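Colleague: This is what each chain is made of:
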Amino acid sequence: MLEINDLNVHYGGIHALKGVTLSVPEGKIITLVGANGAGKSTLLRTICGLVTATGGSIRFEGRELIGLKTFEIIKLGIAMAPEGRKIFVNLSVYENLLMGAYNRKGETEQKRDIEWVYTIFPRLRERTAQKGGTLSGGEQQMLAVGRALMSRPRLLMLDEPSLGLAPLLIREVFRIIGQIHGEGTTILLIEQNAMAALHIADYGYVLETGKIVLEGTGKALLEDERVREAYLG
Amino acid sequence: MDVTILLQQFINALSLGSLYGLIAIGYTMVYGILRLINFAHGDIMMMGCFFAFYGIFMFSLSWWASFVIAIVLTAVLGIMIDRGAYRPVRNAPRISALITAIGVSFLLENVGLVVFGGRPKGFPRPEFLGTIHELWGVRFLGLLIWTPLVTLLLLAFILFVVYRTRVGRAMRCISFDMETTRLMGVDVNRIVAITFAIGSAVAAAGGILWAMKYPQINPLMGIIPGLKAFVAAVLGGIGNVTGAMAGGLLLGFAEIFLVAINPDLAGYRDAIAFAILILILLFRPSGLMGEKLPE
Ligand SMILES: Nc1ncnc2c1ncn2[C@@H]1O[C@H](COP(=O)(O)OP(=O)(O)O)[C@@H](O)[C@H]1O
Ligand SMILES: [Mg+2]
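So the sequences go chain by chain: A and B.
As numbered in my numbering, residues 1 to 233 make up the first sequence, in order.
As numbered in my numbering, residues 1 to 295 make up the second sequence, in order.
Keep in mind that the hints were calculated from the coordinates and are not lab data.
Worth double-checking, as some hints may not be accurate.
[Said to hold, decoys possible] From the structure, some residues in chain A lie toward chain B, with a derived Cβ separation under 8 Å:
#1 88
#2 89
#3 92
[As the list claims (entries may be wrong)] Not close to chain B: a few residues of chain A, all C-beta gaps over 10 Å, as computed:
#4 6
#5 70
#6 74
#7 79
#8 82
#9 103
#10 119
#11 125
#12 127
#13 183
#14 219
Quick caveat: nothing in here was measured; it's all calculated off a predicted structure.
Backbone N, C-alpha and C fix where the C-beta goes; we use that ideal spot for every residue, glycine too.
Just chain A, with the same shape it has in the complex (with noise of 0.2 Å):
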């Protein structure tokens, strides 16, 4: 569905990405995983045009991303939850999830989709009028999650969804995420948490300082000896 080929980044003298290959096929959950300023968010946001690939090709479907703006990678099908959360604080949650459904038509859909993000985040109805800015760091990402999910996308990338959470919220995302899945989307994952991510994933990509180190099956990474030393602890 998404294959990444040689691709090169550079911010001014910064080579950020060292000619990554990945793939990530219909259906499965692929993670890449990853220390702090490994270069994952940078790979996301060339995915989204956010920032300009300096070589390489990033294909969707067959169709080629770089160079198209990033409201068009988001009509063909791609949504991202990213680092941060980045949700709106002065819209309320409600409006929040219609941005996400910006380039939906039909307000019954929309309603039936805003619905639907309901029963899986039960606690965002509880907040539907409430202003984004005013929820906690856990209500943040699970608006941050359902907002992506609200342009129906075919491949749903989330940056780092775990990150300051504490341990019961992160195994509530990781369920959440798991249950998305099986809902027939397609995740590519980006964790600093590895355990987490590579027991959800199908496969699993090790990125160190922009260049792919390691990949294989979730399970054989969680086996490999030196991805138990550096990651796992």
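Starting from the known structure of chain A, arrange chain B with the ligands on it as the hints suggest.
Modeller: The following block gives chain B with the ligands in isolation, referenced to the frame of chain A:
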């Protein structure tokens, strides 16, 4: 002050304040989403007046047809200015955009001087706006009543767009976080263009009402109302539409009533606005209704 004079001044202040407010709305909307002070805004208003003027005198259109066409043309002009001047520097440091805005302002004024000529031109007034009404012994132009009414209508329309439509929701998101708004699949350039179109159209409407009041126009007529509308926008809390209108009204009332109370101040009328600007920047930079936005 007796009641008649009070009422007279009230009507004057209401219509003057409405005009400041109408022009301030364009400033505040553009600033709200781009953090750009569009210094050419007063000149865009001036262009609207000339479009209306030539519609009537060169193309012999009826006043209402020429006003509508002028408002549409001014909206298009606003879009073109964004496209040609501001979009190329959108990712440059903010000071570049500010300097560009000042450049656009000089450009419009000087092109105006060359093309339209510097001599003031009399601006026509439809008959019903020129008739004198009398109420409790107060005599006033119909225009002074119509101005606040038209203003109210336009304000309601803009508030509806900003708070009740999908495009307005996108505008509010851009003002908070342009990048995340892009992630929602919003074509940000399109929303910015719509913002310029609405701001410029409303400025043209305000400008035409302004022109009918004096009733003459010249290529430099946008400067003073532009500056005062800027003060009104800052006073109300720049970025906030309702605030811009409130700031405009407050400024209109301050000018009219300070002069009414102490006629010696008449010569300082224009200075009042700038004194207010200095005070607000010193004591309450976010304005009266401004919310503190995260950087
Ligand atoms: N906007 C930017 N400008 C310059 N350097 C950046 C920018 N964003 C990220 N970087 C650098 O690129 C590298 C990868 O960053 P990032 O993709 O955020 O890593 P991760 O998400 O894995 O923590 C880091 O060294 C970071 O400092
Ligand atoms: Mg990151």
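Colleague: Does the claim that residue 127 of chain A lies off the interface hold, with its Cβ farther than 10 Å from every Cβ of chain B?
Modeller: With a cut-off of 10 Å, residue 127 of chain A remains clear of chain B, as the shortest Cβ separation is near 18 Å.
Colleague: Grab the minimum beta-carbon distance between residue 219 of chain A and chain B and tell me whether it stays above 10 Å.
Modeller: About 32 Å separates residue 219 of chain A from the closest Cβ of chain B, which puts it past 10 Å; holds.
Colleague: Is it correct that the beta-carbon of residue 74 of chain A has no partner in chain B closer than or equal to 10 Å?
Modeller: violated (4 Å)
Colleague: Report holds if the minimum CB distance from residue 183 of chain A to chain B is greater than 10 Å, and violated otherwise.
Modeller: holds (21 Å)
Colleague: Evaluate the condition: distance from the CB of residue 103 of chain A to the nearest CB of chain B exceeds 10 Å.
Modeller: It is violated; residue 103 of chain A is separated from chain B by about 4 Å at its closest Cβ, not greater than 10 Å.
Colleague: In terms of Cβ atoms, is chain B entirely out of 10 Å range of residue 6 of chain A?
Modeller: holds (25 Å)
Colleague: So, as I understand it, the hint says residue 89 of chain A touches chain B; can you test that by seeing if any CB pair is closer than 8 Å?
Modeller: Result: holds, 7 Å to nearest chain B Cβ.
Colleague: Residue 70 of chain A: least C-beta distance to chain B exceeds 10 Å?
Modeller: violated (4 Å)
Colleague: Do the numbers back the hint for residue 92 of chain A, that is, is its least Cβ distance to chain B under 8 Å?
Modeller: violated (10 Å)
Colleague: Against chain B, does residue 79 of chain A keep a CB gap of more than 10 Å to every residue?
Modeller: violated (8 Å)
Colleague: Going by Cβ atoms, does residue 119 of chain A stay more than 10 Å from chain B at every point?
Modeller: Fine: 22 Å to the nearest Cβ keeps residue 119 of chain A off the interface.
Colleague: Would the stated hint for residue 88 of chain A survive a check requiring a Cβ distance to chain B of less than 8 Å?
Modeller: Result: holds, 5 Å to nearest chain B Cβ.
In summary, the numbered hints that this structure violates are 3, 5, 6, 7, 8 and 9.
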